[in-house]
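Sequences and hints are given; from them, build the entire structure.
Okay, here's what each chain looks like letter by letter:
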Amino acid sequence: MSERLIQVLTGSPDDGAAWADLARAAARISPDALRDDDLQLSLFLLYGLHYGPAEWVRGEWEWHPELLSGRAALEERFEGDLRAQVPVPDEQQGAAGIPDLLFRMTGVQSGPSLSRHLAKKATREQAVESLIQRSIYTLKEADPHSWAIPRLSGRAKVALVEIQSDEYGAGRPARMHQSIFARAMDAAGLDSRYGAYVDVVPALTLASLNLMSLLGLHRRLRGAIVGHLAAYEMTSSIPCRKYADGFRRLGFAEEVVDYFEEHVEADAVHEQIAGRDLAGGLAEDDPETIPDIVFGAAACLHVDGLVGEHMLAAWERGESSLRTPA
Amino acid sequence: MTGAASGVPVTITPCPNGPLLVRGDFRLDDGSEPHRRTVALCRCGVSTIKPYCDGTHKLVGFRTEDEG
Ligand code: FES
Ligand SMILES: [Fe+2]
Ligand SMILES: [Fe+2]
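Keeping their order, the protein sequence lines are chains A and B.
In this text, residue positions in the first sequence follow the numbering used here: the first is 1, and each later residue adds one.
In this text, residue positions in the second sequence follow the numbering used here: the first is 1, and each later residue adds one.
Possibly wrong hints are sitting among the right ones.
Stated by the list, open to error - As a list, the in silico DSBU-like pairs of lysine-lysine whose alpha-carbon atoms are at most 35 Å apart:
1. K140(A) - K50(B)
2. K58(B) - K120(A)
3. K140(A) - K121(A)
4. K157(A) - K140(A)
5. K58(B) - K121(A)
6. K50(B) - K120(A)
7. K157(A) - K242(A)
8. K157(A) - K58(B)
9. K242(A) - K120(A)
10. K121(A) - K50(B)
11. K242(A) - K58(B)
12. K58(B) - K140(A)
Claimed, not checked - Output of the computed footprint for chain A on chain B, the stretches with three or more beta carbons under 8 Å from beta carbons of chain A:
13. 37–43
14. 52–58
Since the hints were made in silico from the structure, they are not lab data.
Even glycine gets a Cβ: it sits at the ideal position worked out from N, Cα and C.
Shown next as structure tokens:
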């Protein structure tokens, strides 16, 4: 299906209908959407049409009805699998309890930690792999959550814009987190073009970004994209300290260390704004979003947890965490 | 920390069990430029990047009983 999609995107719009049928069939038969390379690559390519620029992003494909209809089938399956698999805390929360609940959910340390491994034991090859894995999101860092800005109002909107402004460098292009990461990749000898490593990362890594695009591009899921950002920010400062230590230990360039050190300081600010004003503010203004705020946070922790487990397990076996070593 | 005579008034927001968020036209007494418009100042004492917060307050169970 993803191969046919690439043919469609680089060919003529008339092939859209046949592809949509293929997508509907693929959505039906997939054993597990989160681990399905074909399904996740297709979603990545389709969501990419809304971001760009990339090799496959051209013409009028962004709003093509057949591609959107095929995408809807893939999304329904993806969201269905997430709703079934993601463990959500069963306590009922009112709006006032949301910031505390989010801090509690993100405070639990479960299982072995990728950042601890990076800090103390990882080899240079593993550290490079972790940059490649991270690049799928981080070259677009902050973009998927920005879709939510016009869907919020009042305190939550102000909070999201305050966080995003800092992510986008607050008027200093060189300090855009996306650009800091691109410089880190260049300094590590990697290809910093968007999508350069899409063929070598596993489905789970694509699922991590696709989750954000799914939640960001649907107004219905505005609570979930807010919860996702809160959980992401709340699990960043402390691990980034360890990543910075690891990349320094392994002798990586200052540009690489800088990316992680920037996040130690920035995300200690962002987590407070995201938990209290963004998620807490939305929960108060729009209480019907509360279950999805919690779901979005739990989905972030679940999917990114699976990516981390996959990487550690592969390295434990002495293998690469990539589908094909870069 | 001093507020400049011109510019946006400084506001300080205490975060329960966490840092102080500082916004506005502030400067640090050590002469360094703040790295961002809104900063979090550590008040638990264990941050590795003082005066800024690095999230470590969460690991040491820092409590501010008086607020929130
Ligand atoms: S208040 Fe956050 S590290 Fe001290
Ligand atoms: Fe960032
Ligand atoms: Fe952030």
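Comparing the hints with the structure gives:
1. K140(A) - K50(B): Given that 35 Å is the threshold and the Cα spacing comes to 30 Å, the pair holds.
2. K58(B) - K120(A): Since the Cα atoms of K58(B) and K120(A) sit roughly 22 Å apart, the hinted pair holds (cutoff 35 Å).
3. K140(A) - K121(A): Since the Cα atoms of K140(A) and K121(A) sit roughly 28 Å apart, the hinted pair holds (cutoff 35 Å).
4. K157(A) - K140(A): Holds, because 20 Å separates the two Cα atoms, which is no more than 35 Å.
5. K58(B) - K121(A): Holds - the C-alpha atoms of K121(A) and K58(B) are around 25 Å apart, at most 35 Å.
6. K50(B) - K120(A): holds (24 Å)
7. K157(A) - K242(A): Status holds; Cα separation ~32 Å.
8. K157(A) - K58(B): Answer holds: K157(A) to K58(B) is near 26 Å, not above 35 Å.
9. K242(A) - K120(A): holds (8 Å)
10. K121(A) - K50(B): holds (27 Å)
11. K242(A) - K58(B): Roughly 15 Å separates the two Cα atoms, so the pair holds.
12. K58(B) - K140(A): Status holds; Cα separation ~28 Å.
13. 37–43: Since three or more residues must qualify, the claim that chain A covers the stretch 37–43 of chain B holds, with 4 doing so at under 8 Å.
14. 52–58: holds (count 6)
Going through the hint list in order, the structure satisfies each hint without exception.
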